[in-house]
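J.: Here are the chains, one letter per residue:
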Amino acid sequence: MQTDDKLPNESSIPPLIIAIISNEVAGFDKERDDSKSDQIKSASCIRPISISSSSETHSVSISMPSSPAEAAARSHHGNRVFFKDEDGNGRETAKPKDKRFDNFKTWSGKLERQLSNLRGKHVAEPPEEEEDRQDHQTHTPPDFDRLPADRYFAALEGPELDTLRASEEIILPKDEKWPFLLRFPISSFGICLGLSSQAIMWKSLASSDSTKFLNIGHGINLVLWFVSIALVSVVAITYTFKIIFYFEAVRREYYHPIRVNFFFAPFIALLFLALGVPPSVSPALPPPLWYVLMAPFLCLELKIYGQWMSGGQRRLSKVANPSNHLAVVGNFVGALLGASMGLKEGPIFFFAVGLAHYIVLFVTLYQRLPTNETLPRELHPVFFLFVAAPNAAALAWATIHRSFDYGSRIAFFISLFLYFSLAVRVNFFRGFKFSLAWWAYTFPMTAAAITTIRYASVAPSIVTKCLVVALSTVAILTVGALLVTTIIHAFVLKDLFPNDIAIAIRERRPKKSRKWYYRNSGSPDASILRYLKYTSSDSSDIFDDKKLPSLGDQDEPDHCAKVVEP
Amino acid sequence: MSILTRFHAGYFRISLSLGLQALLWKVLLQLHSKDAAFQGSGTKPKALYATIVAVLWWFSVVVQVVLSLLYALKCFLCFNTIKAEFMHHVGVNYLFAPWISWLFILESAPFVTPNHICFVVFWWVFAVPVVVLDVKIYGQWFTKGKRFLTAVANPTSQLSVVGNLVGARAAAKMRWQEVALFLFSLGMVHYLVLFVTLYQRVAGGHVLPAMLRPVFFLFFAAPGVASLAWFSISGSFDTASKMLFFLSLFMFASLICRPFMFKKAMERYNVAWWAYSYPITMLALASTRYEEQVKGGVPRAIRLALSILSVLVLITLLIFTAANPKLLLPDHHHDHDNLRRLPITHCPKPTPTPTPTATATALQKDTNVEGT
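These protein sequences, in sequence, are chains A and B.
Take the first sequence: its position 313, counted from the start at 1, is 313 in this note's numbering, and no numbers get skipped.
Take the second sequence: its position 306, counted from the start at 1, is 306 in this note's numbering, and no numbers get skipped.
Since the hints were derived computationally from the structure, they do not count as laboratory data.
Take these hints with a grain of salt, some might be off.
Said to hold, decoys possible - With a straight-line Cα cutoff of 25 Å, these simulated DSS-like cross-link-like pairs (lysine-lysine) come out: (1) K344(A) - K295(B); (2) K494(A) - K433(A); (3) K494(A) - K177(A); (4) K46(B) - K34(B); (5) K326(B) - K264(B); (6) K303(A) - K263(B); (7) K303(A) - K264(B); (8) K263(B) - K326(B); (9) K46(B) - K173(B).
Start from the sequences and build out the full structure, keeping to the hints where you can.
T.: Here you go:
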């Protein structure tokens, strides 16, 4: 369904539309003033242009808002698109002025206007520009208030809550490529997690006693570390641009029950980088660096864990999903880093907090409560995150106590058990759409390999050495396969960053009457007429038959009346 | 006799806070006399501390005795209301409160040491009811049809855990390791279950009315007192105690970062406000032990901040209580403390015993009405 209005050519506007527009009745068209309606009537400066192709095919389509209130609201945030032809009003346009994404933009396109003014374009703006600006300043579009978590559950489905349900619609065009920044999700930081954990693994392989027989040098660690730094910088800068230019999209990602956990990923990636520093670059890191890295992490987790405890609709029993492990594992990784730097109290602090919340999360996920809506029914790579936290906890405990003692071993064996119970079910991990978030699910395997290396140095035997080789190989192969898939999607299929539907859901369900309308479309006039006549109950005066000239058939009143209530 | 009908076990929060505050000052006094470098000054603060301890202790004893007498009278004259309190999902946990306050008062007594025979006798007198209540309530959690855990769990349930841990701590002070360990493990295992349940906030459990939001402070009281109990049992503030202390600190930080959660409860003075005081004092006590173990600037700053905060909160609460004597025992129409939504009966008159189910459903209806 087209969500944008394309105003038809003047000659083909049904008389109905003209009449309605000119009447300007409250409730349907509350805020339109005369200048706007005049400008629409005299559509001399407006010619329809099809968006995607440059050929001059004119298309007319009329999409009606579902209710007068929404129409009024729509007119506020200027969702209408005006297309200007080159021979229109002297304004040269290389591309059509696309306002559809304005609501996601931080400054609602004002920056663009300022930039175009600076560049010396024609400053005489048509009146609708100024009105739009006013509208932006005075009204918040209704779709852009804080979306409740329920709305995400109702509108989306799938293990990563990124597939739109059939009955839902989105507020951005579905069949077009959105701006790149809008398509860049926070789960892109998963690549950073995957690669930087690989750097740590190669560092352990090169420097641990138990793997001396493999004769691995520090070169791979060095290369991987520099690549990871580059990648983290690129992703971070891109996402910062997204925050600057499309803050609304970032907000919506924050309110997404699954994506919110990925907001921990940048900090975990930085911690991994600090852990994987090659010895040739810097033998020891300064302790103040740890405080700098953990401070924002602490603030974020104060917010998120507090939500679990007290937030009504974001309470844990409702939103618990395996991605929540990302929120918890950072505590253990931070404790590991701090202990490896020689700190004592701070690591214990984060370990305690992480352990307490991990127990809660673990029990909740194992319970698979019926009220939990986000747990995927089928197995999905996200389940590998189960393996991450016990490994990180084992490593952290071992580093805090300077020995791989019973506590660490218990945690390590739990993680091994979980790993194997997922690995033997690998057949069920099929048939899923690739997404960038899959990179985040590789770091548990790498973490398992690292912990096994550490364990093998404490309990060396042929079994542990075989385990080390096996787990490391699996981790490397997985990352390699993922790299190949990513490259294929990026360069061959060109859909590495598909339209991020999860952030564009509507605030309200589309009303059923609209669906009926499209299913039963006879002649457009008749359908419009029936819709207008019976759809709304509040502003009854505009649907007075006498006011509307040349109405079509008025048959089947009962059929229409049935679908008034959504 | 309307005072008796309006009185309930939640009023023991007051004596609990006072007794705990006395204990805090007693510990500070002990540390000060043990380690001259602890505070860094001479004998003047020691005399000051001793006076404060004595004043606080006698005040808390007086308050506790008054409250206990009132409650005992209520037992004899209006036993129905006690039963109704027992049936209520919040009220039942406050039945632990008198015993906890007695235990703290016992510990903080300036002239009694744990080896004294009085201490032993009184410990038995106060600890046995705790265990009896434990058996009854914890058994209900996993066996009883209607009052199972997910239905009744609410933040005040942590008060039962606190009761066990305080008993364990007092027993450890008497060098009764096995008894102490018994009570400790009892408290901790139920704390684990309760912690998970409360964090999950499974829908369908009782919703706490807005007026009782201060009891959320119990979230960090329980690990705080657990850390103290383990300290007493193991003899030093080791890693386990530190971890519990840090958890408590984190939850404290998490709660004070959310002041709007308590906004509704702060509109009108209510005895539930006393629920702010004793958790902070417990945390301050734990931070004192932490500083003793890990000397340094940061632990000292934490301890000072928490102690000052607990004193301020206590003084503020005392002022509020003195300024609003009527609100202390409000009549039925003005009170929003859910504990009080019990069927009001006039004590001397014989009344039909409310059946437990009827009371529970009536209370549940009230809860749903008041629940936020």
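J.: None of the hints should be skipped; say for each whether it holds.
T.: Each hint, compared with the structure:
At most 25 Å may separate the alpha-carbon atoms for a hinted pair to count; K344(A) and K295(B) meet this at roughly 13 Å. With a C-alpha separation of about 14 Å, the suggested pair K494(A) and K433(A) falls inside the 25 Å cut-off, and the hint holds. Between K494(A) and K177(A) the CA atoms are separated by roughly 11 Å; this keeps the pair inside 25 Å, and the hint holds. Note on K46(B) and K34(B): the hinted pairing holds, with a Cα-Cα distance of about 11 Å set against a maximum of 25 Å.
Pair hint K326(B) plus K264(B) holds up; C-alpha atoms about 20 Å apart against a cutoff of 25 Å. Between the alpha carbons of K303(A) and K263(B) the distance comes to roughly 18 Å, so the proposed pair stays at or under 25 Å and holds. In summary, the hint linking K303(A) to K264(B) is supported, as the alpha carbons are separated by about 20 Å, within the 25 Å threshold. About 22 Å separates the Cα atoms of K263(B) and K326(B), which keeps this hinted pair within 25 Å; it holds.
Of the supplied pair hints, the one linking K46(B) and K173(B) holds, its CA atoms being roughly 23 Å apart against a limit of 25 Å.
Of the numbered hints listed earlier, not one is contradicted by the structure.
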